[in-house]
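Whole structure, please, built from the sequences with the hints as guidance.
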Amino acid sequence: MDEHSLRIYCALEHMKQALLQAHDVVAQEVYSDGSIRIGPSHIGHNTLTSDNNIDNDYSGHNGNELNDSRGDGLNDTVCDVTRVRLVQFQRNTDEPLGITLRMTENKRCVVSRILNGGMIHRQGTLHVGDEIKEINGKPVSNHPIQYLQQMLRDARGSITFKIIPSYRSQPPPCDIYVKALFNYDPKDDDLIPCAQAGIKFSIGDILQIISKDDHNWWQAKKAILPKNIDETMINNYYGSYDNSPAGLIPSPELQEWRIATNAIEQARDGNANCGVFGRKRKVMKDKYLAKHNAVFDQLDLVTYEEVIRLPEFRRKTLVLLGAHGVGRRHIKNTLITSQPKQFAYPIPHTTRLPKKDEENGKNYYFVTHEEMMRDIANNEYLEYGTHDDAMYGTKLETIRNINRQGLMGVLDVEPQALKVLRTADFAPYVVFIAAPDLSQIKGVNDESLERLVKESELLQQAYGHYFDLIIVNNDIEETIRELQHSIERVSLQPQWVPVSWVY
505 MDEHSLRIYC
515 ALEHMKQALL
525 QAHDVVAQEV
535 YSDGSIRIGP
545 SHIGHNTLTS
555 DNNIDNDYSG
565 HNGNELNDSR
575 GDGLNDTVCD
585 VTRVRLVQFQ
595 RNTDEPLGIT
605 LRMTENKRCV
615 VSRILNGGMI
625 HRQGTLHVGD
635 EIKEINGKPV
645 SNHPIQYLQQ
655 MLRDARGSIT
665 FKIIPSYRSQ
675 PPPCDIYVKA
685 LFNYDPKDDD
695 LIPCAQAGIK
705 FSIGDILQII
715 SKDDHNWWQA
725 KKAILPKNID
735 ETMINNYYGS
745 YDNSPAGLIP
755 SPELQEWRIA
765 TNAIEQARDG
775 NANCGVFGRK
785 RKVMKDKYLA
795 KHNAVFDQLD
805 LVTYEEVIRL
815 PEFRRKTLVL
825 LGAHGVGRRH
835 IKNTLITSQP
845 KQFAYPIPHT
855 TRLPKKDEEN
865 GKNYYFVTHE
875 EMMRDIANNE
885 YLEYGTHDDA
895 MYGTKLETIR
905 NINRQGLMGV
915 LDVEPQALKV
925 LRTADFAPYV
935 VFIAAPDLSQ
945 IKGVNDESLE
955 RLVKESELLQ
965 QAYGHYFDLI
975 IVNNDIEETI
985 RELQHSIERV
995 SLQPQWVPVS
1005 WVY
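Counting in the working numbering, the sequence shown tops out at residue 1007, every number present.
The set of hints was computed from the structure by calculation and includes no laboratory data.
Hints should not be assumed to be uniformly reliable.
Below, computed lysine to aspartate or glutamate pairings styled on DMTMM-like, alpha-carbon distance capped at 20 angstroms [claimed, not checked]: (1) K836 / E986; (2) K859 / D892; (3) K716 / E809; (4) K836 / E982; (5) K704 / D718; (6) K923 / D972; (7) K642 / D658; (8) K683 / E809; (9) K716 / E810; (10) K845 / E951; (11) K726 / D972; (12) K683 / E760; (13) K958 / E992; (14) K923 / E809; (15) K866 / E901; (16) K683 / E757; (17) K726 / D689; (18) K704 / D693; (19) K923 / D879; (20) K726 / E810; (21) K866 / D916; (22) K683 / E816; (23) K836 / E981; (24) K859 / E901; (25) K716 / D679; (26) K836 / D979; (27) K704 / E809; (28) K704 / E810; (29) K683 / D658; (30) K923 / E810; (31) K726 / D679; (32) K860 / D892; (33) K726 / D709; (34) K716 / E757; (35) K836 / D972.
Estimated spans, in silico, between C-beta atoms of each pair [claimed, not checked]: (36) G628 / R985: 19 to 27 angstroms; (37) N837 / N905: 31 to 39 angstroms; (38) D658 / L996: 47 to 55 angstroms; (39) Q988 / K958: 27 to 35 angstroms.
We treat Cβ as the ideally placed atom computed from N, Cα and C, and that holds for glycine.
Written out as structure tokens, the structure is:
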């Protein structure tokens, strides 16, 4: 920073106040009666007992207590710098301090976390592990954490902490992006240390992870998508420049533990889902190769997926998901016949004999049973099944050939196929065709339609975190128009994709 820029910066009102405040705090630390240096030349019984609130123990990493022992074996370097400090700052707004506290086993109040971007983080006055002795002259001992947190929330004006600093090294900065695969509201979470510090998010939200220092609670904030091309260019280099403070979200380990615990409790109580979807799902699972399914062994324990934002590009494959009978086949055929230079359907392979006038490679590829079984063993099929003693299947190489021709392959498959397709090799755009809303259909009371709606809801609950787009099929022609428009739009804007597609 040159001299001219520095002069302008120092002339800012908030900078003047910060400098004056820093001067006052340093002066009070050095010259006030409450500022007591603890070092080799001062260690002695009289010094340590001159203030009953002063203790030379401090909190170490992960909450373990490190003792100085007040003498023998004390590291001279630590002694030279360990001292009680007074930290003072002004708070005249309702902005949260962005700090949470915890009480150690020895009844010491320490800073457990500092939220990135919050008031305390911006000022740099406190650090994780600092032991707090007093708040505004009031000792914190014998007070529960909830009381102290409320005291900080209510405090206004000048706020003063008497602390014993922690000199543990700070964790390296973390800056990754993840896609949320579940809904979360901190107000409904009885495990979060401070509900006000939590972030509410929904499936599909992109979160910027700021800190993973805490094993159970990560710090994050929602990523801001660019509103215009200039912001897009900036964000391509620097990412989201949202200045709002970070909040707490459950770590993957904590969320997976929560899901597993709830499942065990439901099974114990006999409330596990044993409905139509559960039975059907097991049957459909047999269609897919076990080696493919191993890619997503934790499909039911989904939390976050690390993502990266890429410049605009065209997806290679269009995957249509939905309940049986919702209209996927009609949508697929309409797209292919109306735009044959953009869309194509992978021709299936079969072991049945060709009928009269059937041409190999036109409607089917005809292969022997031995050939198909060999290719299945080599993981060359996306899916396969048996009908009338003949085998049918979609080969992965057929889909790749469509992409090589510059076309988008259109697949109406079962959702388990995503375990194979969600790679850079196929770069799918996953669209869920939802059943129509029964309340919008007057005078219809059909059991088959009700089953369609129920199956659609269950599919969305189980696989909704993998959908790029959801279209409610109230009108088939409108659904097709919306789908075509969405495919064009997504190819013209930056996209968040799984980081595995790039690295």
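How the hints compare with the structure:
| no. | hint | result |
| --- | --- | --- |
| 1 | K836 / E986 | holds, 14 angstroms |
| 2 | K859 / D892 | holds, 14 angstroms |
| 3 | K716 / E809 | holds, 15 angstroms |
| 4 | K836 / E982 | holds, 14 angstroms |
| 5 | K704 / D718 | holds, 19 angstroms |
| 6 | K923 / D972 | holds, 15 angstroms |
| 7 | K642 / D658 | holds, 15 angstroms |
| 8 | K683 / E809 | holds, 5 angstroms |
| 9 | K716 / E810 | holds, 14 angstroms |
| 10 | K845 / E951 | violated, 40 angstroms |
| 11 | K726 / D972 | holds, 18 angstroms |
| 12 | K683 / E760 | holds, 16 angstroms |
| 13 | K958 / E992 | violated, 31 angstroms |
| 14 | K923 / E809 | holds, 14 angstroms |
| 15 | K866 / E901 | holds, 16 angstroms |
| 16 | K683 / E757 | holds, 16 angstroms |
| 17 | K726 / D689 | holds, 14 angstroms |
| 18 | K704 / D693 | holds, 11 angstroms |
| 19 | K923 / D879 | holds, 19 angstroms |
| 20 | K726 / E810 | holds, 14 angstroms |
| 21 | K866 / D916 | holds, 19 angstroms |
| 22 | K683 / E816 | holds, 18 angstroms |
| 23 | K836 / E981 | holds, 12 angstroms |
| 24 | K859 / E901 | violated, 25 angstroms |
| 25 | K716 / D679 | holds, 10 angstroms |
| 26 | K836 / D979 | holds, 15 angstroms |
| 27 | K704 / E809 | holds, 17 angstroms |
| 28 | K704 / E810 | holds, 18 angstroms |
| 29 | K683 / D658 | violated, 35 angstroms |
| 30 | K923 / E810 | holds, 16 angstroms |
| 31 | K726 / D679 | holds, 12 angstroms |
| 32 | K860 / D892 | holds, 18 angstroms |
| 33 | K726 / D709 | holds, 7 angstroms |
| 34 | K716 / E757 | holds, 12 angstroms |
| 35 | K836 / D972 | holds, 17 angstroms |
| 36 | G628 / R985: 19 to 27 angstroms | violated, 54 angstroms |
| 37 | N837 / N905: 31 to 39 angstroms | violated, 20 angstroms |
| 38 | D658 / L996: 47 to 55 angstroms | holds, 50 angstroms |
| 39 | Q988 / K958: 27 to 35 angstroms | holds, 29 angstroms |
Checked against the numbered hints listed earlier, the structure breaks hints 10, 13, 24, 29, 36, 37; every other hint is satisfied.
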